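Student: Taken in order, these protein sequences are the chains called A and B.
Under our numbering, the first sequence has 58 at position 58, and the numbering climbs by one with no breaks.
Under our numbering, the second sequence has 265 at position 265, and the numbering climbs by one with no breaks.
Please keep in mind that the hints were generated in silico from the structure rather than gathered at the bench.
No experiment lies behind these values; they were computed from the predicted model shown.
Do not rely on the hints blindly, as some may be mistaken.
[To be verified] Derived coverage of chain B by chain A (criterion: at least 3 residues anywhere in the stretch with Cβ under 8 angstroms from a Cβ of chain A; other residues may be distant):
no.	stretch
1	50–63
2	75–82
3	180–187
4	257–271
Using N, Cα and C, we set each Cβ at its ideal position, and we do this for glycine too.
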Amino acid sequence: MSLASDTYFLFVRALKKVMRNPILLFFSLLQPIIFLVLFTQLFSRFVGAPGLFPPGISYLEYATPGILLQNGFSSALQSGTSIVDELNSGMLEKMLVTPVNRSAILLGRLLSDAFRVVVQSSIILVLAYILGFNAASGAGGIILILVIIAFFGLAWSGISLAIGLRTRSAETVFGIGGFLTFPLLFMSTSLVPLKAMPDWIATVSNLNPISYAVNAVRGLSLPSSALPGLGLSYPGDIISALGYIAAIAIITLGATLYLFRKVVK
Amino acid sequence: MPETISVQDLVEVYSDGTKAVDGISFEVNEGEFFGFLGPNGAGKSTTIKVLTTLLRKTAGKISVAGFDIEKHPEEIRRVIGVQSQETVVDPDLTGRENMMLEGHLHQMSGDGLKKRVDELLTLVGIADVADKRAGHYSGGMKKRLDLASALVHKPKLLFLDEPTTGLDPQSRAAIWGYLSKLNKEEGITIFLTTQYMEEADKLCERLYIIDQGKIVASGTPESLKREVGADSITMTLENSGVATQTKEKAKEVLGAIQGISKVIESDAGITVYARNASLIIADIVRAFDSNKIRLTSVNFASPTLDDVFLQHTGRRIRTEELNTKQTSFARFGARRRPVRQ
Ligand SMILES: Nc1ncnc2c1ncn2[C@@H]1O[C@H](COP(=O)(O)OP(=O)(O)OP(=O)(O)O)[C@@H](O)[C@H]1O
Ligand SMILES: [Mg+2]
Numbered sequence: 001m002s003l004a005s006d007t008y009f010l011f012v013r014a015l016k017k018v019m020r021n022p023i024l025l026f027f028s029l030l031q032p033i034i035f036l037v038l039f040t041q042l043f044s045r046f047v048g049a050p051g052l053f054p055p056g057i058s059y060l061e062y063a064t065p066g067i068l069l070q071n072g073f074s075s076a077l078q079s080g081t082s083i084v085d086e087l088n089s090g091m092l093e094k095m096l097v098t099p100v101n102r103s104a105i106l107l108g109r110l111l112s113d114a115f116r117v118v119v120q121s122s123i124i125l126v127l128a129y130i131l132g133f134n135a136a137s138g139a140g141g142i143i144l145i146l147v148i149i150a151f152f153g154l155a156w157s158g159i160s161l162a163i164g165l166r167t168r169s170a171e172t173v174f175g176i177g178g179f180l181t182f183p184l185l186f187m188s189t190s191l192v193p194l195k196a197m198p199d200w201i202a203t204v205s206n207l208n209p210i211s212y213a214v215n216a217v218r219g220l221s222l223p224s225s226a227l228p229g230l231g232l233s234y235p236g237d238i239i240s241a242l243g244y245i246a247a248i249a250i251i252t253l254g255a256t257l258y259l260f261r262k263v264v265k
Numbered sequence: 001m002p003e004t005i006s007v008q009d010l011v012e013v014y015s016d017g018t019k020a021v022d023g024i025s026f027e028v029n030e031g032e033f034f035g036f037l038g039p040n041g042a043g044k045s046t047t048i049k050v051l052t053t054l055l056r057k058t059a060g061k062i063s064v065a066g067f068d069i070e071k072h073p074e075e076i077r078r079v080i081g082v083q084s085q086e087t088v089v090d091p092d093l094t095g096r097e098n099m100m101l102e103g104h105l106h107q108m109s110g111d112g113l114k115k116r117v118d119e120l121l122t123l124v125g126i127a128d129v130a131d132k133r134a135g136h137y138s139g140g141m142k143k144r145l146d147l148a149s150a151l152v153h154k155p156k157l158l159f160l161d162e163p164t165t166g167l168d169p170q171s172r173a174a175i176w177g178y179l180s181k182l183n184k185e186e187g188i189t190i191f192l193t194t195q196y197m198e199e200a201d202k203l204c205e206r207l208y209i210i211d212q213g214k215i216v217a218s219g220t221p222e223s224l225k226r227e228v229g230a231d232s233i234t235m236t237l238e239n240s241g242v243a244t245q246t247k248e249k250a251k252e253v254l255g256a257i258q259g260i261s262k263v264i265e266s267d268a269g270i271t272v273y274a275r276n277a278s279l280i281i282a283d284i285v286r287a288f289d290s291n292k293i294r295l296t297s298v299n300f301a302s303p304t305l306d307d308v309f310l311q312h313t314g315r316r317i318r319t320e321e322l323n324t325k326q327t328s329f330a331r332f333g334a335r336r337r338p339v340r341q
């Protein structure tokens, strides 16, 4: 009972904080928007190269899922800075002297992170739509895409929160987040298909969780005729991708919960 | 009167080995205005953190509001209100939203909560800025908001860690006003820590003086002052900082004057205690003059809690406070935030 209501109130609080700092929201959207506009122009002719891309899809259609996940990934990686702020400002202690449900503090934060990723993804989707992107699976597919991205974001929020709780340093969270984002992005199938990669990058990409999540989103956004050309089977690969994301989320959220319990006790 | 806080042999050792509280025992009665007076690093905040369930005790036996602190921390959290030493408000929420959230976390809701919040905003005098973001408040306004949010759920027991440090005299007087009112009219038990002698003297019915993790004196402000039993004369000497020999000489001269009960040296100068200090001032001045010791100031005072502190610890709380502040400022000035446990 108090878990639900406490989570709700803390979720609303976290959202208000995000909405009242639109500048931060703007900057975290700036990068994916630049990617969306610039990359889809820059690489638009690559799709003509024989054998790399399945016929009939544009680079925009190919890359939008990748850009969506990159945004979900990098903003989730910053979410640990918020818990560092709560720790250092004394806000966490202020909450801990109330009877608030302890898990609600973490849950409210995670839900608001997920919500934020959904809002940002929707904005990117609208922009992509304006540029000519369309999801093959329709409105239901879009909702499922947003759920996948939010869930994927949760897994990385967990990592970021764990780093924040462990180091109590916003700089470290930022540093590690920034350090991970680009290598993981470029060594995935977000922007470049597997066939176009050198072997060693393809190997990394096959282990890279971003690739799995991107595959799951592509399974919903591209016409099913295009999937075999990318080495994807429907729905088998989508289901295995979701399983992979879920496994990561369980590990990272478990670590976060463990560290949080240690701080709270 | 039943006691609402009982502490026996509390010891608190931080993970780095600092023994912040070193075996203190005390009781606070229901309805009492109780004070902990001590200089920087005495262990005041540490004690409050233990009593408010934020820090686990190293050793000792503690009950708060009738509940054992280890066994029933949730019950304790329901009935206490806490204002920590560092002012904590959410800068992105308005004053009202800060308070509503606090109420919600105490399972309050609806019109009852709204009314309570309005009432408190008015009480602490920030109703006119209630819908402005708290991040834009002045320091004193934040502090008042923080106090008000500690009161939302009508706590039976209020913990205040230096609630007026850093406030201007008017704001301080205003806060003293509400606190007395809360204690007298609503019967709330208050546990207050302070470094200010006047504050402890004015508000607290009973007082413990704590220094370096130990209790050095306790009693009502009156009884503590009576213990000193004498007026004080504090003198500063020309060049006393440079030449210790001047100070030695001065103490020798003072030793020869009849009627002086005690001579204490501190950073502020030399303080002597005497039953009828006003009569002795002339003797002191004459004796110093004939020994070519020059005085830069002479202050006469009836006993205060400051004297109690000085007598028990050999230090003056005020100058001590100023000195530590200055050195720590110089040393840590570049650091952004205090490191907290
Ligand atoms: N988290 C911590 N880790 C290690 N030592 C600490 C920690 N917090 C406080 N201390 C030490 O414990 C001692 C008591 O500190 P405490 O904060 O209780 O003092 P205080 O009486 O509240 O002082 P002040 O008036 O400056 O607030 C100090 O020596 C301080 O350095
Ligand atoms: Mg303190």
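Student: If a hint holds in the structure, say so; if it does not, say that too.
Tutor: Checked hints:
With 4 residues having a beta carbon nearer than 8 angstroms to a beta carbon of chain A, the stretch 50–63 of chain B meets the requirement of three or more and the stated coverage holds. Counting residues of the stretch 75–82 of chain B whose C-beta sits closer than 8 angstroms to any C-beta of chain A gives 4, which meets the bar of three, so the coverage hint holds. With 0 residues carrying a beta carbon less than 8 angstroms from a beta carbon of chain A, the stretch 180–187 of chain B misses the three-residue requirement, and the given coverage is violated. Only residues whose beta carbon comes within less than 8 angstroms of a beta carbon in chain A count, and the stretch 257–271 of chain B has 0; fewer than three means the coverage is violated.
The structure fails hints 3 and 4 (numbered hints given earlier, in ascending order).
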